[in-house]
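Student: Quick note, the sequences are listed as chains A and B, same order. Just so you know, we're using our numbering here: the first sequence kicks off at 10 and counts up by one. Just so you know, we're using our numbering here: the second sequence kicks off at 10 and counts up by one.
It is worth saying that the hints were derived from the structure and are not from the lab. Do not take every clue at face value.
Identical chains blur together in the list; that is why a pair holds if it fits in one copy or across any two.
Below, a list of computed lysine to any residue pairs in the SDA-like style, where the Cα atoms sit at most 25 angstroms apart [said to hold, decoys possible]:
#1 K108 with A47
#2 K108 with E34
#3 K108 with F125
#4 K108 with A133
#5 K108 with R118
#6 K108 with G33
#7 K108 with H49
#8 K108 with P119
In case you want the letters, here they are:
Number of protein chains: 2
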Amino acid sequence: MSANSQFTTAVHALCWIELAARQGESPITSERIAESLASHPVLVRRVLAPLREAGLVAVGRGPGSGWRLGRSAERITLREVYTALAPGGPFALHAHDPKPDCPVGHGIRPALTEVFADLEAVMARELARHTIAGLLDHLLRTYPVG
Amino acid sequence: MSANSQFTTAVHALCWIELAARQGESPITSERIAESLASHPVLVRRVLAPLREAGLVAVGRGPGSGWRLGRSAERITLREVYTALAPGGPFALHAHDPKPDCPVGHGIRPALTEVFADLEAVMARELARHTIAGLLDHLLRTYPVG
DNA sequence: GAATGTGTAACTCTTTCAGTTGCACACCAT
DNA sequence: ATGGTGTGCAACTGAAAGAGTTACACATTC
Numbered sequence: 010m011s012a013n014s015q016f017t018t019a020v021h022a023l024c025w026i027e028l029a030a031r032q033g034e035s036p037i038t039s040e041r042i043a044e045s046l047a048s049h050p051v052l053v054r055r056v057l058a059p060l061r062e063a064g065l066v067a068v069g070r071g072p073g074s075g076w077r078l079g080r081s082a083e084r085i086t087l088r089e090v091y092t093a094l095a096p097g098g099p100f101a102l103h104a105h106d107p108k109p110d111c112p113v114g115h116g117i118r119p120a121l122t123e124v125f126a127d128l129e130a131v132m133a134r135e136l137a138r139h140t141i142a143g144l145l146d147h148l149l150r151t152y153p154v155g
Numbered sequence: 010m011s012a013n014s015q016f017t018t019a020v021h022a023l024c025w026i027e028l029a030a031r032q033g034e035s036p037i038t039s040e041r042i043a044e045s046l047a048s049h050p051v052l053v054r055r056v057l058a059p060l061r062e063a064g065l066v067a068v069g070r071g072p073g074s075g076w077r078l079g080r081s082a083e084r085i086t087l088r089e090v091y092t093a094l095a096p097g098g099p100f101a102l103h104a105h106d107p108k109p110d111c112p113v114g115h116g117i118r119p120a121l122t123e124v125f126a127d128l129e130a131v132m133a134r135e136l137a138r139h140t141i142a143g144l145l146d147h148l149l150r151t152y153p154v155g
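Put together the whole structure using the sequences plus the hints.
Tutor: Encoded structure:
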């Protein structure tokens, strides 16, 4: 396993915030979200912090306060979640520079960087097809609890 | 950085094997490949081993022996390299299971698994557009040494 | 049989990540 | 204003993954 699970955690949290809102519970605390994740409130805040910067969620501070979606769930795509979290993609170049006097060693990095940029682009396009609302509806319908 | 650099190392090695072959040096040893990578022969063998299983490269053992492409460089795609190396994708679900009695916690994993499978598919399609020969020609032409 | 080369397991070192603790700050109610 | 509730963030811990390295067994050529 070569990736972190922040994207999964973030999507889970957003779906949960939306579901809670549909049930009239909004805003919702990090504590409540952490319960569903079987995790800790600090992790929830850590993951949600960049989403707050991106305007995907809004947060209040006092008692009875907590997290709320920054806009309607129909207009939050997984692409926005992904880019808010991952400035760099899941692809890594060499751990250290290869020999620059070798023709391959000299050109492989920029060449692969182009390939990786194309991969990021098609991934982003695919992620943009899914919204939080769509994903939540899908999982509630396709994988009902019980 | 959330990914390993094995894919980069493998593509680098394959390009180098092909370039050496074009220059009449074939097969080529792990030692020679490791030089260009500024790495170690053992790492080269570790990365190339699964490619050998997939038939992308062939290897001999005695003196004057080493690595050779398993088929022509025009017919080895980056997709094959990727799938030979990464049985699991770069996307991770939760570190541990979420609460199954929560509707979101119950359905989020299978739902996101579907999304990740779609992402793998579009990535594979994009990677299939590139071959070792094409990549090598491109980097030699676009990024000439000196 | 000696030299060359791969195969692989085991180890170290570093980095990264999830998990955790602690404390400062903000907000609301009384 | 005061105490309870909640987020913000820095720092620490423990576990896991990965690159790099060593060592040794095995295969092939001469």
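Student: Each hint: holds or not?
Tutor: Status of the hints after comparison with the structure:
1. In this assembly of identical chains, K108 and A47 lie within 25 angstroms of each other by CA distance solely across copies; the values are 6 angstroms between and 47 angstroms within a copy.
2. Only between protomers do K108 and E34 lie at most 25 angstroms apart by alpha-carbon distance; the minimum there is 19 angstroms, versus 58 angstroms within a single protomer.
3. Proximity of K108 and F125 under a CA criterion of 25 angstroms is satisfied intra-copy only: 21 angstroms inside one chain copy versus 35 angstroms between copies.
4. With identical chains, the CA atoms of K108 and A133 are never at most 25 angstroms apart, being 33 angstroms at best within one copy and 29 angstroms at best between copies.
5. In this homomeric assembly, K108 and R118 come within 25 angstroms of each other (Cα to Cα) only inside a single copy, at 11 angstroms, whereas the closest approach across copies is 43 angstroms.
6. In this assembly of identical chains, K108 and G33 lie within 25 angstroms of each other by CA distance solely across copies; the values are 21 angstroms between and 60 angstroms within a copy.
7. In the homo-oligomer, the alpha carbons of K108 and H49 lie at most 25 angstroms apart only across protomers (13 angstroms), although the nearest pairing inside one protomer, at 45 angstroms, exceeds that limit.
8. In this assembly of identical chains, the alpha carbons of K108 and P119 lie at most 25 angstroms apart only when taken from the same copy (14 angstroms versus 44 angstroms across copies).
In this structure, the one hint that does not hold is number 4.
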